[in-house]
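Colleague: In case you want the letters, here they are:
Number of protein chains: 2
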Amino acid sequence: MDATTAIASDDLAARLRQALGDDRVITDSDGLEPFLHEERGLYRGAAKIAVLPRSTEEVATAVRICAEAGVPVVPQGGNTGLVGGAVTGAGEVVISLKRMNRILGVDAIDYTMTVEAGAILETIQNAAEEKDCLFPLSLGAEGSCQIGGNIASNAGGINVLRYGNTRDLVLGLEVVLPDGRIWNGLRALHKDNTGYALKHLFIGSEGTLGIITKAVLKLFALPRERHTALCVLADVDHALALLARLKARASEAITAFELMSGFALDLASAHSGDAKPIADAYPWFVLLELSGSQGGNALRETMEEVLGEALEQELIQDAVIAESLDQAAVFWRLRERIPEAQKPAGASIKHDVAVPVSRIPEFLRAADAAVIAARPGTRLCAFGHLGDGNLHYNLTQPEGMDPQAFLDCWREMNDIVHGIAVRLGGSFSAEHGIGLLKAGELSHYKEPIELELMQRVKAALDPSGTMNPGKVIGTA
Amino acid sequence: MDATTAIASDDLAARLRQALGDDRVITDSDGLEPFLHEERGLYRGAAKIAVLPRSTEEVATAVRICAEAGVPVVPQGGNTGLVGGAVTGAGEVVISLKRMNRILGVDAIDYTMTVEAGAILETIQNAAEEKDCLFPLSLGAEGSCQIGGNIASNAGGINVLRYGNTRDLVLGLEVVLPDGRIWNGLRALHKDNTGYALKHLFIGSEGTLGIITKAVLKLFALPRERHTALCVLADVDHALALLARLKARASEAITAFELMSGFALDLASAHSGDAKPIADAYPWFVLLELSGSQGGNALRETMEEVLGEALEQELIQDAVIAESLDQAAVFWRLRERIPEAQKPAGASIKHDVAVPVSRIPEFLRAADAAVIAARPGTRLCAFGHLGDGNLHYNLTQPEGMDPQAFLDCWREMNDIVHGIAVRLGGSFSAEHGIGLLKAGELSHYKEPIELELMQRVKAALDPSGTMNPGKVIGTA
Chain E
1 MDATTAIASD
11 DLAARLRQAL
21 GDDRVITDSD
31 GLEPFLHEER
41 GLYRGAAKIA
51 VLPRSTEEVA
61 TAVRICAEAG
71 VPVVPQGGNT
81 GLVGGAVTGA
91 GEVVISLKRM
101 NRILGVDAID
111 YTMTVEAGAI
121 LETIQNAAEE
131 KDCLFPLSLG
141 AEGSCQIGGN
151 IASNAGGINV
161 LRYGNTRDLV
171 LGLEVVLPDG
181 RIWNGLRALH
191 KDNTGYALKH
201 LFIGSEGTLG
211 IITKAVLKLF
221 ALPRERHTAL
231 CVLADVDHAL
241 ALLARLKARA
251 SEAITAFELM
261 SGFALDLASA
271 HSGDAKPIAD
281 AYPWFVLLEL
291 SGSQGGNALR
301 ETMEEVLGEA
311 LEQELIQDAV
321 IAESLDQAAV
331 FWRLRERIPE
341 AQKPAGASIK
351 HDVAVPVSRI
361 PEFLRAADAA
371 VIAARPGTRL
381 CAFGHLGDGN
391 LHYNLTQPEG
401 MDPQAFLDCW
411 REMNDIVHGI
421 AVRLGGSFSA
431 EHGIGLLKAG
441 ELSHYKEPIE
451 LELMQRVKAA
461 LDPSGTMNPG
471 KVIGTA
Chain R
1 MDATTAIASD
11 DLAARLRQAL
21 GDDRVITDSD
31 GLEPFLHEER
41 GLYRGAAKIA
51 VLPRSTEEVA
61 TAVRICAEAG
71 VPVVPQGGNT
81 GLVGGAVTGA
91 GEVVISLKRM
101 NRILGVDAID
111 YTMTVEAGAI
121 LETIQNAAEE
131 KDCLFPLSLG
141 AEGSCQIGGN
151 IASNAGGINV
161 LRYGNTRDLV
171 LGLEVVLPDG
181 RIWNGLRALH
191 KDNTGYALKH
201 LFIGSEGTLG
211 IITKAVLKLF
221 ALPRERHTAL
231 CVLADVDHAL
241 ALLARLKARA
251 SEAITAFELM
261 SGFALDLASA
271 HSGDAKPIAD
281 AYPWFVLLEL
291 SGSQGGNALR
301 ETMEEVLGEA
311 LEQELIQDAV
321 IAESLDQAAV
331 FWRLRERIPE
341 AQKPAGASIK
351 HDVAVPVSRI
361 PEFLRAADAA
371 VIAARPGTRL
381 CAFGHLGDGN
391 LHYNLTQPEG
401 MDPQAFLDCW
411 REMNDIVHGI
421 AVRLGGSFSA
431 EHGIGLLKAG
441 ELSHYKEPIE
451 LELMQRVKAA
461 LDPSGTMNPG
471 KVIGTA
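Residue numbers (my numbering), protein chains in the order written: chain E, 1 to 476; chain R, 1 to 476.
One or more hints might be untrue.
It does not matter which identical chain is used: a pair holds within one copy or between any two.
[Claimed, not checked] Below, simulated SDA-like cross-link-like pairs (lysine to any residue); rule was C-alpha separation at most 20 Å, straight line: (1) Lys350 x Pro398; (2) Lys343 x Arg333; (3) Lys276 x Glu225; (4) Lys131 x Arg249; (5) Lys131 x Ala244; (6) Lys131 x Gly440; (7) Lys350 x Ala370; (8) Lys98 x Gly308; (9) Lys218 x Tyr163.
Hints were generated in silico from the structure; no laboratory data involved.
Take the sequences, apply the hints, and build the full model.
Modeller: This is how it looks when you write it as structure tokens:
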């Protein structure tokens, strides 16, 4: 950064302080540190200013001042994203939503909740539960991620099969636009066909079209029963057959249908200290959950029937139905620890792909073969949301290999894995988004006409290009 | 139309014929007639040319030829819309999708169906059912409306409470853009966070951003049981309380929760010849349906329990649970005949409003009082999708009044009813859209900033303004 920029930065900080108050603006390096951190350690932010507004109007003021100065802004939530979507370049200003963390209201008649963008996901889940409601979005980072970031990245998670992606859980939004004006789309309506779907444009745009400041969320009735089972499978094709049977028999009750490779489960078990509920070695495990609001025994009986038939027909080799909430929690802990459990096993190259559900086995066969052919000994740590056609197709380095040497294969592995997913009609980013990390993949895999449409949308809503530049569609 | 335009029109027709073949282009007045018709009789189209392509490429060719000639095009599906969204102005060209009516594939493993835009909704429902699947979109016009129009207008209907609006039922789209290029977004993925939600921009844009030519639809398991009840209520507040109980006890099973005023049901009964299942006069009726894929008796028992408790506590005055599919069909026929049954009762002024579910009673009290104060004797034919907060707040003229005199109050009544809905945080067009009919309401009720965002989107995707001009956001 040269002297001119440094002076401009001081000047900008002074203007922001004057407009918002000293405690809203951070410029010291200790204070800035958390805003420069990036979850995966792939990037490091370079901002010299972070603004922490306490209201939508303060966000609007900060954005307006930056826009007038021609300075790009980068919105930040809990900073738990996995694609570098909140990383700042030199001279860019962080706008953190962390102080706008209030639950503004829970309406148990309407089954809606109004929140500020900085509210922590877990706080929202708890606030819903207190009113006998469910906010179903659930994912690994829920203790620290913020709802604004979940919405901006259209987060997925473990309950999408039943309740949809974050997009499906948002009724209304308030957004600060790139010029600092406020769009009030904070409606609590299930039906509203009055013009273009602006709400959906902002959802999943990763802060490149505006800063989400408030949202109206959709709640559901709290299930009165929940049944969790862990199944053992010899073949991933059988997982599809099991899912089909469950859909036919208990469609609306299937809350989760998660696939885990035997290797992934072994890692998680070793890492968490939880014994595997089924000790033998098997190639695949499915964690499934049925839940319902009726109570009674019907759902449990259905689960037992379907699993019993599946055992008889050797679709599954074994199954354990959790007999307590504690046991169900162990099953889930094993599933959720997988990403972390990969760390002690060495370097990892991770993918977040989706294909049509029916093509999951084909994807796995093709990707496994191609990966092993390219780098023999690579350990396949595949797991994820089979019911949504979404796999975290993660690769753990061969034993004894130099970690950096494996990481140097990142590009090569991405090309193999994303190429196969796209060839099968799939996506190279199912739920994590694009950010900086996959902006190159976006321009590589998307047809020129789709890229052009996205660029036109970006230019229409952020003509000066100061809203989280370089993310999603890259630098215009 | 002056001579120059007429010549241009002949010339354009010749160019279209040359490119597409004679049988693709209609210019004779008998042939054009169906494309100039407008469902409500409020408008009449003025096009001299209708193009009936048989493929996406033919749509693209037609659009490109028109775009090069600077001639606006108006996409048409089944022409059953209620807001004049497919009406042509002089010199505009109809592009009808009726010949692109194929089901391209049903995948019962993926629970998806790929269709051409001109496929009739009922044909799609049946094709799903043949594979033991459900396509849940259901509305009055299903025998003639086309899926492309349903998607372009984000149709609602009777199953939104459980399955969402059309938007929620579409996984992928193929769209011919205003310049005649083709966007291939025909993906069958449940998760795909790769850039801006272009799909959602086209859904609900009423043909003003492009012409939808194909879609991948989301299917569900066919329910194995369905229980339908008609309840009698003394007070509309009780309907909310009944809905809350059902949500707590059978949330995921509630397929429909429809409100009908006593007057609306009387009209429908007189018109259809079906006796009312409950003979006495009551102010409100609720038609509710639970469905599930488990089979067994649990859901029926839950319905009986909830209705039994509601009777005891006088939330409902009476209830009939349909004992056969035939009886359930009678209940539904009464509900579905209401709009048609209004015709013999004289002139009608219709509204399609939404408010947060909890504010339905407040809306009804305020609107009833204001309407009666303005035009005493007006008969209140309110009915609709209470579970979604969506009412068709229809008004039937006072007995003996001159029909035209009542229709002259259209503007006044709209102002009253839409004003109250918007004041309660609601929408003046819940599921019918904007078209020509409500373009004025859109510019009246939307904040300038929202209108500006929509205009920017329109200009970005249809810079020459030739795609269904004047609809939704009016003439730029």
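Colleague: So which of those numbered hints doesn't the model satisfy?
Modeller: 3, 6, 8
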